[in-house]
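Q: Quick mapping for you: the protein sequence lines, in order, are chains A, B and C.
Positions 1 to 268 (this note's numbering) are the ones given, in order, by the first sequence.
Positions 1 to 268 (this note's numbering) are the ones given, in order, by the second sequence.
Positions 1 to 268 (this note's numbering) are the ones given, in order, by the third sequence.
If you're looking for bench data, these hints aren't it; they were derived computationally from the structure.
Using N, Cα and C, we set each Cβ at its ideal position, and we do this for glycine too.
Please note: incorrect hints may appear among the correct ones.
Claimed, not checked - Below, a sample of chain C positions facing chain B; criterion: calculated Cβ distance under 7 Å:
1. His40
2. Glu53
3. Met145
4. Asp249
5. Tyr252
6. His253
7. Asp257
8. Leu260
To be verified - No more than 20 Å apart at the CA atoms, straight line, and that leaves these computed lysine to aspartate or glutamate pairs for EDC-like:
9. Lys19(B) / Glu143(A)
10. Lys19(B) / Glu138(A)
11. Lys264(C) / Glu52(C)
Stated by the list, open to error - Okay, the calculated bits of chain C under chain B, using three or more residues with CB under 8 Å as the criterion:
12. 21-35
13. 43-49
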Amino acid sequence: MSDWPERCATVLERLRQQKPLVHHITNFVVMNDTANVTLHIGALPVMAHAPEEVADMVRLAGALVLNLGTLSQPWLDAMRLAARAANAGSIPIVLDPVGAGATPFRTDQNRAFLQDFRIHILRGNLGEVATLCGVTAEVRGVEAMHAAAAPPEVALKAANDFKLTAAITGAVDHVSDGRQVIAIDNGHHWLTTLTGTGCMATTLVGAFAAVTPDALLAAVGGLASMGIAAEQAAQKAQGPGSFKVALQDALYHLKPDDFLRRAKIREV
Amino acid sequence: MSDWPERCATVLERLRQQKPLVHHITNFVVMNDTANVTLHIGALPVMAHAPEEVADMVRLAGALVLNLGTLSQPWLDAMRLAARAANAGSIPIVLDPVGAGATPFRTDQNRAFLQDFRIHILRGNLGEVATLCGVTAEVRGVEAMHAAAAPPEVALKAANDFKLTAAITGAVDHVSDGRQVIAIDNGHHWLTTLTGTGCMATTLVGAFAAVTPDALLAAVGGLASMGIAAEQAAQKAQGPGSFKVALQDALYHLKPDDFLRRAKIREV
Amino acid sequence: MSDWPERCATVLERLRQQKPLVHHITNFVVMNDTANVTLHIGALPVMAHAPEEVADMVRLAGALVLNLGTLSQPWLDAMRLAARAANAGSIPIVLDPVGAGATPFRTDQNRAFLQDFRIHILRGNLGEVATLCGVTAEVRGVEAMHAAAAPPEVALKAANDFKLTAAITGAVDHVSDGRQVIAIDNGHHWLTTLTGTGCMATTLVGAFAAVTPDALLAAVGGLASMGIAAEQAAQKAQGPGSFKVALQDALYHLKPDDFLRRAKIREV
Numbered sequence: 001m002s003d004w005p006e007r008c009a010t011v012l013e014r015l016r017q018q019k020p021l022v023h024h025i026t027n028f029v030v031m032n033d034t035a036n037v038t039l040h041i042g043a044l045p046v047m048a049h050a051p052e053e054v055a056d057m058v059r060l061a062g063a064l065v066l067n068l069g070t071l072s073q074p075w076l077d078a079m080r081l082a083a084r085a086a087n088a089g090s091i092p093i094v095l096d097p098v099g100a101g102a103t104p105f106r107t108d109q110n111r112a113f114l115q116d117f118r119i120h121i122l123r124g125n126l127g128e129v130a131t132l133c134g135v136t137a138e139v140r141g142v143e144a145m146h147a148a149a150a151p152p153e154v155a156l157k158a159a160n161d162f163k164l165t166a167a168i169t170g171a172v173d174h175v176s177d178g179r180q181v182i183a184i185d186n187g188h189h190w191l192t193t194l195t196g197t198g199c200m201a202t203t204l205v206g207a208f209a210a211v212t213p214d215a216l217l218a219a220v221g222g223l224a225s226m227g228i229a230a231e232q233a234a235q236k237a238q239g240p241g242s243f244k245v246a247l248q249d250a251l252y253h254l255k256p257d258d259f260l261r262r263a264k265i266r267e268v
Numbered sequence: 001m002s003d004w005p006e007r008c009a010t011v012l013e014r015l016r017q018q019k020p021l022v023h024h025i026t027n028f029v030v031m032n033d034t035a036n037v038t039l040h041i042g043a044l045p046v047m048a049h050a051p052e053e054v055a056d057m058v059r060l061a062g063a064l065v066l067n068l069g070t071l072s073q074p075w076l077d078a079m080r081l082a083a084r085a086a087n088a089g090s091i092p093i094v095l096d097p098v099g100a101g102a103t104p105f106r107t108d109q110n111r112a113f114l115q116d117f118r119i120h121i122l123r124g125n126l127g128e129v130a131t132l133c134g135v136t137a138e139v140r141g142v143e144a145m146h147a148a149a150a151p152p153e154v155a156l157k158a159a160n161d162f163k164l165t166a167a168i169t170g171a172v173d174h175v176s177d178g179r180q181v182i183a184i185d186n187g188h189h190w191l192t193t194l195t196g197t198g199c200m201a202t203t204l205v206g207a208f209a210a211v212t213p214d215a216l217l218a219a220v221g222g223l224a225s226m227g228i229a230a231e232q233a234a235q236k237a238q239g240p241g242s243f244k245v246a247l248q249d250a251l252y253h254l255k256p257d258d259f260l261r262r263a264k265i266r267e268v
Numbered sequence: 001m002s003d004w005p006e007r008c009a010t011v012l013e014r015l016r017q018q019k020p021l022v023h024h025i026t027n028f029v030v031m032n033d034t035a036n037v038t039l040h041i042g043a044l045p046v047m048a049h050a051p052e053e054v055a056d057m058v059r060l061a062g063a064l065v066l067n068l069g070t071l072s073q074p075w076l077d078a079m080r081l082a083a084r085a086a087n088a089g090s091i092p093i094v095l096d097p098v099g100a101g102a103t104p105f106r107t108d109q110n111r112a113f114l115q116d117f118r119i120h121i122l123r124g125n126l127g128e129v130a131t132l133c134g135v136t137a138e139v140r141g142v143e144a145m146h147a148a149a150a151p152p153e154v155a156l157k158a159a160n161d162f163k164l165t166a167a168i169t170g171a172v173d174h175v176s177d178g179r180q181v182i183a184i185d186n187g188h189h190w191l192t193t194l195t196g197t198g199c200m201a202t203t204l205v206g207a208f209a210a211v212t213p214d215a216l217l218a219a220v221g222g223l224a225s226m227g228i229a230a231e232q233a234a235q236k237a238q239g240p241g242s243f244k245v246a247l248q249d250a251l252y253h254l255k256p257d258d259f260l261r262r263a264k265i266r267e268v
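Pulled out of the complex, with its shape left as it was, chain A reads as follows (with noise of 0.2 Å):
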């Protein structure tokens, strides 16, 4: 039996613990969603984009969510000003590509960032994944459509080519840190027929990485935090709207004991 379900137990509860501050600078669509699993699972949210404070609040955090979802130059700019000051501090980055490969400007905008900056998590659908390291993908709008290669190979190959743990959200998860790769097959279908479900997820890892260093086991955690709680939750749920709400009071239960029980992680 593998030790990934008692390794997120753990990180989970040092989450609670420790209550981290997870800054975000995210898309206008999840704002309010992402500010709340963030407090669910244990954390603390912060959203700042002003370039005179964005370096200062980047200082006070464990974790740096950026999301390129409703991306502009302005916003550019500040997740640039945060993505330094993060670097700078060794505050860990979770990138979340939203789109990339619905336009060409999200397609570069997304490459700048995994260029010119250290990312230590990139989240992303299959399409956008798959996009970012040269695989033939369609991606409409912020959907994947479908991909020239299947997820463990494009988590492996993102994971090496930008040197970075890669995390593709799909009907299974899958997650590489270049060398291995981990599927979750956790999950609910319910999440595809809600909006910000993935970057929700993105929010997660971002938890999970702001109180542990071990990139692959933050995203690995996050996600199958996503997972199980959304399998609690379609207990509930009769439509996306109830779902939702279920999901929200699911992330906040969720306890450490959930991953020895119901985690579904094995090494593909």
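With the hints as your guide, set chains B and C onto chain A.
A: Chains B and C alone, transformed into the frame defined by chain A:
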């Protein structure tokens, strides 16, 4: 018996099959809600406003929703780029003139869009639409207080003045293509207790417009969807919070058959 | 027995009758939530920040809520235009100094508003308000960690220093006009598990301030509304997600009579 319910049902079926992309440039207050109802009705939402990508994103979309709720010059610039690309590609535009009439700036900016671009569908409340076509009305913030003409008249006048389909929501919804006026008697009082329900209705109209070239049908179908879902949601709601949750659930579960059994659509 | 509950009840009744417009310039994270609670308590929300219209919109409003949560220079400029128009029209301003103390920029910008404009009510957490009036405190992101003085002292000092009514929310809320300090013992732990509950409380204070010139009463009424609704919501909630839904329902159903039966308001 009118064949409107059947025609609406056919469009909803097509919508669920084609899953068109609906591009929004909309206000900050409702972004999460409108992205969610786009998904729930069966389409794919995207929100993008950077001038560097906005035209590229429009070209991927089946419809463009422009909502001037928290307008500012940079966002208006983005909307104009998007509208130009949409007109060039014959992609239908649905305009939501939030708060037109409340300030001269809002009124002027909305009129400019109506003048400078081919808008397919205008969806507003009575005060907003009346103001835009020169009928005396009072708009308090984003709320219609009264107007000097009745909704059917205003819808007809707006449709003729601006050469588009005009949809006015209220206790009864009215839609006109400049020749006929269609009334929709579905809906529920709870809709007025929740922010953004007008914006969500506009989004649904946009999703329908993405899969039918018949603007009148798209407007009727979108508004009837909202009205029927609201009636279903009201049965489970105990207040505006639980109504919103139930409304999202109901839109997701809305079936073509629901139009046949519940839609109250009549010619005025 | 104090007559506070009765006085709060009278203001709520007036609020429901007059339906005043409450203009917000606020942070991206909570816009949807604050617009909703404005509606639920019985007022009309509007959000506008374009320099071309912001003063026009303020003039229609019964109160102006300024919330510096995701501040940036363009938004600060808009807030200053709005504040000037509000002061010129004797429209009460409620200031929410989100995250003051977390970065020098936030502290400075909030102090500038307190210095440059007549602010009627300042609503923050202990760390924020303490920082603003020079009491040592720690603010982690937007969360108060501790302060070198107790809430009643800080409320009294802030009220005197800035010549306004200061409202500090926490396990117990404290409000002072510089002479007396009022404590409100309503509320619930769930409020700390949800983002934006402080911002929502500020909004409620703004709605009350729109219908009474008595700033102390507006602050007490707004905070007691939040506290009572939270207690009612907690009875139906199973976690932060369902608590939010129930809180929105409860605010909508809050009755003047609920103050008489449930409000725990005392002079300190």
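Q: Hint by hint, note whether the structure agrees.
A: These are the hints, each one checked on the structure:
no.	hint	result
1	His40	holds, 6 Å
2	Glu53	holds, 4 Å
3	Met145	violated, 29 Å
4	Asp249	holds, 3 Å
5	Tyr252	holds, 5 Å
6	His253	holds, 6 Å
7	Asp257	violated, 17 Å
8	Leu260	violated, 21 Å
9	Lys19(B) / Glu143(A)	holds, 11 Å
10	Lys19(B) / Glu138(A)	holds, 15 Å
11	Lys264(C) / Glu52(C)	violated, 44 Å
12	21-35	holds (count 6)
13	43-49	holds (count 6)
Of the numbered hints listed earlier, those contradicted by the structure are 3, 7, 8 and 11.
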